[in-house]
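Asks: From first to last, the protein sequence lines are chains Y and H. Residue numbering for the first sequence follows our numbering, starting at 1 and increasing by one per position. Residue numbering for the second sequence follows our numbering, starting at 1001 and increasing by one per position.
A couple of the hints might just be wrong.
Straight-line distance between alpha carbons at most 20 Å, and here's what the computed SDA-like set of lysine to any residue pairs gives [to be verified]:
#1 290(Y) <-> 1117(H)
#2 321(Y) <-> 1092(H)
#3 1122(H) <-> 1033(H)
#4 290(Y) <-> 1114(H)
#5 1178(H) <-> 105(Y)
#6 290(Y) <-> 1168(H)
#7 290(Y) <-> 306(Y)
#8 168(Y) <-> 105(Y)
#9 1081(H) <-> 305(Y)
#10 290(Y) <-> 261(Y)
#11 290(Y) <-> 1091(H)
#12 1081(H) <-> 168(Y)
#13 1081(H) <-> 312(Y)
#14 321(Y) <-> 1120(H)
#15 1189(H) <-> 309(Y)
#16 321(Y) <-> 310(Y)
#17 1178(H) <-> 1090(H)
#18 290(Y) <-> 1119(H)
#19 168(Y) <-> 180(Y)
#20 1081(H) <-> 1033(H)
#21 1081(H) <-> 275(Y)
#22 321(Y) <-> 1087(H)
#23 168(Y) <-> 6(Y)
#24 321(Y) <-> 1091(H)
#25 1081(H) <-> 290(Y)
#26 1125(H) <-> 1217(H)
#27 1081(H) <-> 302(Y)
#28 1081(H) <-> 309(Y)
#29 1081(H) <-> 306(Y)
#30 290(Y) <-> 1112(H)
#31 290(Y) <-> 1118(H)
#32 1164(H) <-> 1134(H)
#33 321(Y) <-> 1090(H)
From chain Y, some residues computed to sit far from chain H (all C-beta separations above 10 Å) [unchecked claim]:
#34 10
#35 13
#36 80
#37 189
#38 264
#39 300
Calculated directly from the structure, the hints in this document are not laboratory data. Remember, predicted model here, so these are calculated numbers, not experimental data. Glycine included, every Cβ here is placed at the ideal spot set by N, Cα and C.
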Amino acid sequence: MKKYTPYILLFVLIIFPLVVRNSYYQHLMILVLIWVVIGSGWNIIPGYTGQVSFGDAAFFGTGAYTAGLFASKLGMSAWWGMAFGGFAAMAIAFPFGWICFRLRGAYFALASLALNEVCRHVATVWESLTNGMVGILVMPTFVSKIPYYYVALSLAVFSIIFIQSVMKSRWGYYFLSIREDQDAAESLGIDTHYYKMISLNIAAFLTGITGSLFMNYMGFIDPEVVFSLHDISIMAILVGIVGGVGTIYGPVVGAFVMVAVHEFFRTGFLGFFKTLASVTGSDFVNTVAKYVSQAHVLGFGILVVLVILYLPNGIVGDWDKIIGIFTRFKRKGESS
Amino acid sequence: MDVFLQTLVAGILKGGLYSLIGIGMSLIMGVMGIINLAHGQLMMVAMYITFALHHFLGIDPYISLFIAMPALFLLGALIQKYTLNPLLEVESILPENQVLMTVGIGMVLTEIARFIFSSDYKSVKTSYSNATFFIGEISFSIALVIAFFIAVGFTLLMFWFLLKTDIGRSIRATAQDKDAALLMGVNSKRITTITFGLGSALVAAAGTLLIPIYYLFPDIGGPFTRKAFVITILGGLGSTVGAIFGGVTLGLAESFGATYIGMAYDDMIGLIIFILVLLFLPGGFKRLTKV
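With the sequences and hints as input, model every part of the structure.
Replies: Below you can see the structure in the form of structure tokens.
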């Protein structure tokens, strides 16, 4: 059964937009697929190579701006970004990795955070190129969401197969050895700096392409959207750790959960507070509802704390533990 | 020449405050080996405490030092005891889960501040906020000068504490070799709790001293976390003496950058220094002085 699960999931995802015609749910599914790619990309660096990165938004934004600039400066289709966005992100990742992989662990994490901020500043200050805070607007190519859905789906499938094959290759073993013990890996003759660069560049490439897709799909970007620390970089980390770091399908599960949580907060617990406010007619509940709809970052923060404390390996990694809790309940219920 | 001297003075005064932020970070780094990515956010909490005390009760920011610092000591100690220490026993593939935890805590703190005080810019206006005095042609901001001397005072006090007291010695022992310290009978969990509290209290002092001359909003934590990081990289990892040099250097670089390059690049300058240090002086000032 376990062997066929990915194929069943893939089949369901392929027929999903043909069955569910509601464009809101299609939109959510596109977001989930986009996050699957970003999360899988992020997962390579900390999950397999053991270096925490906070800089995913830098690659994502670079990809998005590549697509946007093709449209706004060269007058070409923004879809060209899909071809070049990944390489543009690698062009950022390469010098960054070369300098900052001298740092280890938490220091590298903070350096990547700094990269994120530098990119946002550059995109904001360099107005002649990026229009600064005004952002770039691109006319969407398709009215329907279905083409975007399939592009996102093929990208997600590609990235998972790609990562899976990388991890089965020689590179994958080198990555894992660096994660387990960097000094030991080095003493065995593995060029750790080189392989960390490779893992960073794979992640940057995947994230950059996704950024270009995001530009094409959303039609509008500005530095605050695509270089956002909380909405992109931290979200990528959450997708990884909620699903499970170091697992192939962890980011898939994580993306579903995180988009659901995000929507849950944005709609005020699925309209619960709004209904409550209209029923009771109290101003207080109304204000609470307004706050709750903006509180997704708080929700994310609490989620980080709880997941790291109680599900350190994520939903996929700690699946047996979760099952264990439920079966124990059942057994208790039976015995009493 | 006057402009140059003026910039120099401003940089050194600002550097004193930055050192205070950096020392807190270095202490935590040295003892626990983790970077506290909620450092700026803790400072933000202290600034809001000071703001609230001034706004509602009319208490002077310098008096609220005595309230904000113990409060933040308690907050830091609680964070360490209930969220970071339990992680030592958690088995996980996730690298640096303590660091990620501090990020989560930072987010929670920022959002709680946003709930209570909204996203608006706040400031504490005191009689000495804009007051200055002159030596020759160079103007000194009174608030900044007071802040500088209090910062120096706290730094000296910190060193006395680390060098002379029993707990200070235990902290240094834990920083040098955790296992050996444990074998010598140092209660390392208690020490980490105290250290995190101390680091938070120091950054609280910096925040409180800064508030008469600065403004305040919930997202202010992020930039200061990054500044603290640049300072620790400059000074050398986990070196408290280095943090002082790092703080002053960053203060000077920022004020010279603001004068001669442009205000818009304020945040970039720290990052540029950071990259230059990594390229040409990996290990920071610690490597030059061997302290």
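Asks: Next step is simple, just say for each hint if it's right about the structure.
Replies: To see whether the hints hold, each was checked on the structure:
no.	hint	verdict
1	290(Y) <-> 1117(H)	holds, 15 Å
2	321(Y) <-> 1092(H)	holds, 13 Å
3	1122(H) <-> 1033(H)	violated, 35 Å
4	290(Y) <-> 1114(H)	holds, 13 Å
5	1178(H) <-> 105(Y)	holds, 18 Å
6	290(Y) <-> 1168(H)	violated, 48 Å
7	290(Y) <-> 306(Y)	violated, 25 Å
8	168(Y) <-> 105(Y)	violated, 25 Å
9	1081(H) <-> 305(Y)	holds, 14 Å
10	290(Y) <-> 261(Y)	holds, 17 Å
11	290(Y) <-> 1091(H)	violated, 39 Å
12	1081(H) <-> 168(Y)	violated, 41 Å
13	1081(H) <-> 312(Y)	holds, 18 Å
14	321(Y) <-> 1120(H)	violated, 44 Å
15	1189(H) <-> 309(Y)	holds, 17 Å
16	321(Y) <-> 310(Y)	holds, 10 Å
17	1178(H) <-> 1090(H)	holds, 18 Å
18	290(Y) <-> 1119(H)	holds, 14 Å
19	168(Y) <-> 180(Y)	holds, 17 Å
20	1081(H) <-> 1033(H)	holds, 16 Å
21	1081(H) <-> 275(Y)	violated, 40 Å
22	321(Y) <-> 1087(H)	holds, 17 Å
23	168(Y) <-> 6(Y)	holds, 18 Å
24	321(Y) <-> 1091(H)	holds, 13 Å
25	1081(H) <-> 290(Y)	violated, 34 Å
26	1125(H) <-> 1217(H)	holds, 15 Å
27	1081(H) <-> 302(Y)	holds, 17 Å
28	1081(H) <-> 309(Y)	holds, 13 Å
29	1081(H) <-> 306(Y)	holds, 15 Å
30	290(Y) <-> 1112(H)	holds, 15 Å
31	290(Y) <-> 1118(H)	holds, 13 Å
32	1164(H) <-> 1134(H)	violated, 39 Å
33	321(Y) <-> 1090(H)	holds, 13 Å
34	10	holds, 26 Å
35	13	holds, 27 Å
36	80	holds, 30 Å
37	189	holds, 23 Å
38	264	holds, 16 Å
39	300	violated, 6 Å
When held up to the earlier numbered hints, the structure conflicts with 3, 6, 7, 8, 11, 12, 14, 21, 25, 32, 39 and fits the remainder.
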